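Keeping their order, the protein sequence lines are chains Y, A, P and U.
Residue numbering for the first sequence follows my numbering, starting at 1 and increasing by one per position.
Residue numbering for the second sequence follows my numbering, starting at 1 and increasing by one per position.
Residue numbering for the third sequence follows my numbering, starting at 1 and increasing by one per position.
Residue numbering for the fourth sequence follows my numbering, starting at 1 and increasing by one per position.
The set of hints was computed from the structure by calculation and includes no laboratory data.
Small disclaimer: the values here were computed from a predicted structure and weren't measured.
Be careful, since some hints might not be right.
Given that identical chains are not distinguished, each listed pair holds provided it fits within a single copy or across any two copies.
Said to hold, decoys possible - Derived lysine-lysine pairs resembling DSSO-like cross-links, with alpha carbons at most 30 Å apart: (1) K32 to K67; (2) K138 to K44; (3) K99 to K67.
The chain contents come next:
Protein chains: 4
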Amino acid sequence: MVTALASAEILLEVPFHDVDAMGVVWHGHYAKYLELARTALLRKVGLDLQDMGAHGVLYPVATMTLKYVRPLLYGERVTVRAELLEYENRVRIRYLVHKGDGTVSTRAETTQVAVDAVTRELRFETPDFLQEAVARLKGGAE
Amino acid sequence: MVTALASAEILLEVPFHDVDAMGVVWHGHYAKYLELARTALLRKVGLDLQDMGAHGVLYPVATMTLKYVRPLLYGERVTVRAELLEYENRVRIRYLVHKGDGTVSTRAETTQVAVDAVTRELRFETPDFLQEAVARLKGGAE
Amino acid sequence: MVTALASAEILLEVPFHDVDAMGVVWHGHYAKYLELARTALLRKVGLDLQDMGAHGVLYPVATMTLKYVRPLLYGERVTVRAELLEYENRVRIRYLVHKGDGTVSTRAETTQVAVDAVTRELRFETPDFLQEAVARLKGGAE
Amino acid sequence: MVTALASAEILLEVPFHDVDAMGVVWHGHYAKYLELARTALLRKVGLDLQDMGAHGVLYPVATMTLKYVRPLLYGERVTVRAELLEYENRVRIRYLVHKGDGTVSTRAETTQVAVDAVTRELRFETPDFLQEAVARLKGGAE
Chain Y
1 MVTALASAEI LLEVPFHDVD AMGVVWHGHY AKYLELARTA LLRKVGLDLQ DMGAHGVLYP
61 VATMTLKYVR PLLYGERVTV RAELLEYENR VRIRYLVHKG DGTVSTRAET TQVAVDAVTR
121 ELRFETPDFL QEAVARLKGG AE
Chain A
1 MVTALASAEI LLEVPFHDVD AMGVVWHGHY AKYLELARTA LLRKVGLDLQ DMGAHGVLYP
61 VATMTLKYVR PLLYGERVTV RAELLEYENR VRIRYLVHKG DGTVSTRAET TQVAVDAVTR
121 ELRFETPDFL QEAVARLKGG AE
Chain P
1 MVTALASAEI LLEVPFHDVD AMGVVWHGHY AKYLELARTA LLRKVGLDLQ DMGAHGVLYP
61 VATMTLKYVR PLLYGERVTV RAELLEYENR VRIRYLVHKG DGTVSTRAET TQVAVDAVTR
121 ELRFETPDFL QEAVARLKGG AE
Chain U
1 MVTALASAEI LLEVPFHDVD AMGVVWHGHY AKYLELARTA LLRKVGLDLQ DMGAHGVLYP
61 VATMTLKYVR PLLYGERVTV RAELLEYENR VRIRYLVHKG DGTVSTRAET TQVAVDAVTR
121 ELRFETPDFL QEAVARLKGG AE
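Same shape as in the complex, but just chain Y (with noise of 0.2 Å):
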C-alpha cells in the first residue's frame, strides 16, 4: 500500500437530507464528503481552491472511485480521512469514510489534473506552487 505524503481527517454528522427513501445516505452524496475532506487535506499542504485559481491553475476532478461497504445513517457521526498519494502530474487522494461504530463504510480515490484556469487546457508539469507545497511538507514536521 502507497505512503501517504500527507492525510487530514474530518468529522461530520449526517444530516436528514442526505438520507434517502431506503434510509440510509444516498451514494452519490459521499462526493460531497469526499470533498470536505479533501478540501481539509489541500489546505494543510497549503494550497486552496481560491489559491489555486490565483496560480492560474485549477485543478477539476478526473476520476472518481467508490467502494461503499457499510450505508451510513441519518445522525450518525461520521469521519473520512484523506490521504494525499501523488502530486506530480496529477494529484491523486484515498479516502477512508468511517462509521460512528468505528467499522469502514466506504473506500474512495479521487484524481484530479491541473488545467490552466483561462483556456482549460491540460498542463504536464506540476506547477511550482504545488512543488513547493509538498516540499514544505515533506521537509518539516506534518
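Assemble chains A, P and U onto chain Y, guided by the hints.
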C-alpha cells in the same frame, strides 16, 4: 389575483435521489423545480441567465416563499407552472406545482432584483433589455 | 417581535459544492442550513426526527419563507440561529443566518404541522410528548 | 468489450443549480444523471425500485467509478446511455455521457448487489424476478 404577463409550464418526473427518508420529496428540492420552470419562463420572454450576464446584470433570487400542500412521491409526473407577475423594479414570479393526479402540491413565489454583474450593487431602474423583452411580449403573440 | 421559547445556533463553513456559477451559495441550498439549525433546536427541546416517528407523528415542513439579504461565499464561516416561536397546533421557527463578518445574510421562517405517521393525515391537537417537552423547557433552565 | 444485454438512453438539459463556481457541472452531480439513465434501463427490463421492494429485495449501489473526460456546461443538452452488462450475482451497468456537441463527457460504471429488504443482508443468488426479467428480454424483441 394578479394577471400573469407571461407563463411557462414544465413537466418533470420525481427522481429517486430527491426522495427523503419519509418517502416524499424533501422540501428543499422544490427550489430546483421552481428554477427549471423559471428558466423556461424567462427564456420564453427572451431572457436567459447568459443573456443577462451579457448585459452586465444579474438577477439573484431575493425572496422565496413556499406553501407545501401535498407531498410529491417517487416517479410521479409533476407539472410546474411559472407566471411572470412583475418585471419593473423587481421580477416577481408565481409558481404552481401539480401532482400527477392533477391536485395541487405546492404554491410558491420568488422575487429577483437586478444587481450589477461586476459590483454586485442593486440597480433600481429596470434594464432596457428587460423592458424591451416584456414590451415585445405584450405587443405580440405570446 | 415574538419572544423565542427556545433557541439554538450552529456554525458551518460554506462548502465548494454549494457555490453556484455566480460565485455565491445557490439560493436553494439554504434549506439545508436551516434544517441543520432546526435539528439542533428540536434536539435541545428533547425532540428528534426519530423520537417523533416513535410517537407516531411526523412534522413535515408546511411553509418556508426566505429573504436573502447578502450572499454567502465559498469558505465563509456562517452561523445559523433557530428560534422556536410556536409549538401549539403548528411548530413555527424563525431563522437568522449571519455571514462570517457578522452581517446578516438571510432571514427565514418555517412552519411544520403534525401528521399521523401512518395515514399522513393532519393532527390538529398538539401531541403530548411535544407539550411535555416544551413544558420542561419553560420550567427549567434553558 | 462486453456486449450489453439491454440499454437505455436519456436526454437531459444541464440545470443552473448543477453548475459550480468553475462554470462546469460539479463532479458529484453526475451520480444523479447516471441514476436517471439506470432507472430508465431497469424499467425497460421490467424492473423498478418499487417492484424490487415488493419482491423483498433492494439493490443498493456497491461501487461507482467515473472518468471525467470533458466538462458539462449550463444549458447543454446531454445524453446518458446505460448498458446492462451483468445481472447474475450483481447488476453491472456501464454509462456513457455525451455532450451536446456529440463528444464524450464521461464514462462510468456501477455495480449493485442484492440485499434482503428487511435484514439488509447480502443475497448471493439472483432473485427469480430478475432472472425472469432478463430471460424475457433475451427471448423477445428489445
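Subject >> 30 Å Cα threshold - placement of K67 relative to K99 >> reply: both (14 Å within a copy, 27 Å between copies)
Original post:
When no copy is named, should K138 and K44 be tagged within, between, both, or neither for a Cα gap of at most 30 Å?
Top reply: Within one copy, since 12 Å is at most 30 Å while 45 Å is not.
**OP:** Check K32 against K67 for me: Cα-Cα at most 30 Å, and say if that holds within a copy, between copies, both or neither.
**Re:** Both, since 15 Å and 17 Å are each at most 30 Å.
When each numbered hint is compared with the structure, no violation occurs for any of them.
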